[in-house]
Amino acid sequence: MRFEGGCARPAGPRRSSSSWRGRLHRGRRLRASARGRPRRGPRAAAHREHHRRERSVDARVPRRARARRGRIREGELSATKQVVVVGGGFAGLHLVRRLERRLQPGEAAVTLVDRQNYHLFTPLLYQVCTGELPPHAVAYPLRDATAPAGYHFLQTEVTAIDLEHRRVGTADGELPYDHLVIAVGSVTNDFGIAGVRENALPVKWLSDAETLKRHVLDIFESAATETDVARRREALTFIIVGAGPVGVELASSLRDLMDHTLRKIYPSIDFYDVAIHLIEGTDRVLPAMHPKLSAIAMRRLDQQRVRVLLNTLVSRIGPGVVHTKDGAQLRARTIVWSGGVKVNPLVVAIDLPKSKDGRIVVDDRFRASGRDDVLVLGDAAYFGKGLPQLAQVAVLEAPAAARNLVALVRGEPTEPFVYHRKGDLVALGRTQAGAEFAKLGGFVIGGLPAWTVWRVNYLMQLLGVRNRGTLLVEWILSFFAGRLVANTP
Numbered sequence: 206m207r208f209e210g211g212c213a214r215p216a217g218p219r220r221s222s223s224s225w226r227g228r229l230h231r232g233r234r235l236r237a238s239a240r241g242r243p244r245r246g247p248r249a250a251a252h253r254e255h256h257r258r259e260r261s262v263d264a265r266v267p268r269r270a271r272a273r274r275g276r277i278r279e280g281e282l283s284a285t286k287q288v289v290v291v292g293g294g295f296a297g298l299h300l301v302r303r304l305e306r307r308l309q310p311g312e313a314a315v316t317l318v319d320r321q322n323y324h325l326f327t328p329l330l331y332q333v334c335t336g337e338l339p340p341h342a343v344a345y346p347l348r349d350a351t352a353p354a355g356y357h358f359l360q361t362e363v364t365a366i367d368l369e370h371r372r373v374g375t376a377d378g379e380l381p382y383d384h385l386v387i388a389v390g391s392v393t394n395d396f397g398i399a400g401v402r403e404n405a406l407p408v409k410w411l412s413d414a415e416t417l418k419r420h421v422l423d424i425f426e427s428a429a430t431e432t433d434v435a436r437r438r439e440a441l442t443f444i445i446v447g448a449g450p451v452g453v454e455l456a457s458s459l460r461d462l463m464d465h466t467l468r469k470i471y472p473s474i475d476f477y478d479v480a481i482h483l484i485e486g487t488d489r490v491l492p493a494m495h496p497k498l499s500a501i502a503m504r505r506l507d508q509q510r511v512r513v514l515l516n517t518l519v520s521r522i523g524p525g526v527v528h529t530k531d532g533a534q535l536r537a538r539t540i541v542w543s544g545g546v547k548v549n550p551l552v553v554a555i556d557l558p559k560s561k562d563g564r565i566v567v568d569d570r571f572r573a574s575g576r577d578d579v580l581v582l583g584d585a586a587y588f589g590k591g592l593p594q595l596a597q598v599a600v601l602e603a604p605a606a607a608r609n610l611v612a613l614v615r616g617e618p619t620e621p622f623v624y625h626r627k628g629d630l631v632a633l634g635r636t637q638a639g640a641e642f643a644k645l646g647g648f649v650i651g652g653l654p655a656w657t658v659w660r661v662n663y664l665m666q667l668l669g670v671r672n673r674g675t676l677l678v679e680w681i682l683s684f685f686a687g688r689l690v691a692n693t694p
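Going by my numbering, the sequence shown opens with residue 206, and the numbers climb by one from there.
Among these hints, one or two may not hold up.
As the list claims (entries may be wrong) - BS3-like mimics (lysine-lysine), calculated; alpha carbons at most 25 Å apart, straight line: (1) Lys627 - Lys409; (2) Lys590 - Lys547; (3) Lys559 - Lys547; (4) Lys409 - Lys286; (5) Lys530 - Lys590; (6) Lys644 - Lys409; (7) Lys547 - Lys530.
Keep in mind the hints are simulated off the structure, nothing from the lab. Just so it is clear, the structure is predicted and the values come from calculations on it, not from any experiment.
All chains, full assembly: derive it from the sequences and hints.
Set out below in structure tokens:
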């Protein structure tokens, strides 16, 4: 008998196919067993220790960062340009996130510097003040943005910027740079009014919101046992100076806190004794927004029994009293300052051409004085006209600034930035808001539809799955089960 191909079968007993398959499997097991035996000797022990350390280090580094780290090692590190981004606010954070998508591995070493290790979502800060959200809902860890990209984050205070020697001075030393991005944001503006810092509560940072919330709850605890009517009414009077978005949203949310949560747990307090005053120096609330939004806000504040004082200028603030320029005195145990913002002192100290309000003059490519090594955006930048110092503007600037920064790193042409305003949103308490759509010719809506747009918009803008999940859950709980009123430290 012949096999196919014409080869004769050798003489002798024919072996079954199972026998040679068994030998093959036994051979594989033996080779696998040999590979699995630990090698002996000092060189083998050192080899095992090296691989153990490599695995432990890699386990702590995100996958994308490990891949980036490996690729960078293959390049010429001496040619890597140093990019330092000062400020982890809306402008700085969104720029860094865009750089991750555009920069090739090894093109630049990016360092983000901020005094906090989190990004604060300031549009929702007033909800922390009034117990609608916990603090961690509006705090996004900055390392969640830098670590996956293989970038560096440094938590420290920036003290100076040396343009001549290209160095950023910090509380922990100096950082050299080839390209610098200044995105430090703004600070509270007291307009030089005496007593603001000493006697008014600001609403700018996360610690401010927590302080204000504790203060409000302490006020109600003391008012619940106060027997003197006049003293109780003074304690339950709240004054908010500044009727911009922060002041209006805070006043409306504060009234909601009282009507829907505190009223239920403080039965001894007559809530008709509670008074909220909102002071504004111009002739309407929300003076920087569409007039129709101002009208919607005024109607809503009137419904919520918030007393609005327009064309009222504050001359000074004393302990428990606000003095106006027309000679009036308003007494309250709680005075909140939301009068606006001004340029960061760090920006003022930089030797670059400035606008009248202290912002750094830049061209339409974000370059300061035409310098390719310094880009400025956000609240610190002046484009020949002052754009609003709002989160919306900073977020819109970040992608264009990132494109130009990458172009400068590569020595390519940059592109001009054109600001296209989207519109405005303002929350006005429970199921109420106002919304203006600039792309629809300034179309304005109010009520529940605007409130829905407002909620969806901010839910999508918030970064981080954990933050979004917390936001959604806390909004639902606050609406149906009341707000967070535990006076925790």
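Hint check results:
{"no.": "1", "hint": "Lys627 - Lys409", "in the structure": "holds, 24 Å"}
{"no.": "2", "hint": "Lys590 - Lys547", "in the structure": "holds, 15 Å"}
{"no.": "3", "hint": "Lys559 - Lys547", "in the structure": "holds, 13 Å"}
{"no.": "4", "hint": "Lys409 - Lys286", "in the structure": "violated, 35 Å"}
{"no.": "5", "hint": "Lys530 - Lys590", "in the structure": "violated, 31 Å"}
{"no.": "6", "hint": "Lys644 - Lys409", "in the structure": "violated, 30 Å"}
{"no.": "7", "hint": "Lys547 - Lys530", "in the structure": "holds, 22 Å"}
Hint compliance for this structure: hints 4, 5 and 6 are broken, all remaining hints hold.
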